[in-house]
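Line order of the protein sequences matches chains A and V.
If you read the first sequence in the working numbering, its first letter stands for residue -10, the second for the next number, and so on.
If you read the second sequence in the working numbering, its first letter stands for residue 709, the second for the next number, and so on.
Don't read these hints as lab results, they were simulated from the structure.
Do not take every clue at face value.
To be verified - Taking lysine to aspartate or glutamate pairs in the DMTMM-like style, the calculated list, with each CA pair at most 25 Å apart, reads: (1) A/Lys31 with V/Glu791; (2) V/Lys750 with A/Glu(-8); (3) V/Lys765 with A/Glu45.
Claimed, not checked - Covered stretches of chain A, going by a simulated chain V footprint (3 or more residues, C-beta under 8 Å): (4) 12 to 21; (5) 29 to 35; (6) 41 to 51.
In this text, a Cβ means the ideal position worked out from N, Cα and C, and glycines have one as well.
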Amino acid sequence: EPEVTQTPSHQVTQMGQEVILRCVPISNHLYFYWYRQILGQKVEFLVSFYNNEISEKSEIFDDQFSVERPDGSNFTLKIRSTKLEDSAMYFCATSGQLNTEAFFGQGTRLTVV
Amino acid sequence: GENVEQHPSTLSVQEGDSAVIKCTYSDSASNYFPWYKQELGKGPQLIIDIRSNVGEKKDQRIAVTLNKTAKHFSLHITETQPEDSAVYFCAASDSSYKLIFGSGTRLLVRP
């Protein structure tokens, strides 16, 4: 069964440092998403990406966040200057069509110290 | 924007019993309602979904019902098994590029 792959599985970083979270989407999928889940809380939408541009973003996705698909394969989320409150599980998700099943990766646990 | 409320936050049932989880949504434009199961240390996995032109959908032991007038949708699991123990999330989407999730229900099935 096709799956979304995320790396790393766990990232520990110092406050103020930049982090890049990576995702390899399912090969024929066109819609890419990042969600985050603070420990014990609901899954929150961050951003969606289609046709090499951001389609929609939430209030959480401020200027410190960026996404790109640099090589047509990996889909990345960059946090420029991490804050303690960025500590969360970050999930990449992809779908083949709009408003259909979104397949989630295993997540990257980001810990900012 | 859309807001999804989910109840209960925790649910404990005896193996073999049924479990029901309920969600309400606020945006009448929402038309796609998936349910995800999240096991410890894993990402959410779709278990069933329903669209607004359907009132009920069933897949083996799992069923989902939708009441568009009341903006309610529910997940029903029959003949529960210990492996059904997980956190379940409902979500809603209005054909935009995002899912809005409920707060989750931790289901425990006691053997």
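Structure-based check of all given hints:
1. A/Lys31 with V/Glu791: It holds: about 22 Å lies between the C-alpha atoms, which stays within 25 Å.
2. V/Lys750 with A/Glu(-8): Holds: V/Lys750 and A/Glu(-8) sit about 12 Å apart, inside 25 Å.
3. V/Lys765 with A/Glu45: Between V/Lys765 and A/Glu45 the Cα gap is close to 30 Å, so the pair fails against 25 Å, i.e. violated.
4. 12 to 21: Since 1 is below three, the answer is violated.
5. 29 to 35: holds (count 5)
6. 41 to 51: Answer holds; 3 residues pass the 8 Å Cβ test.
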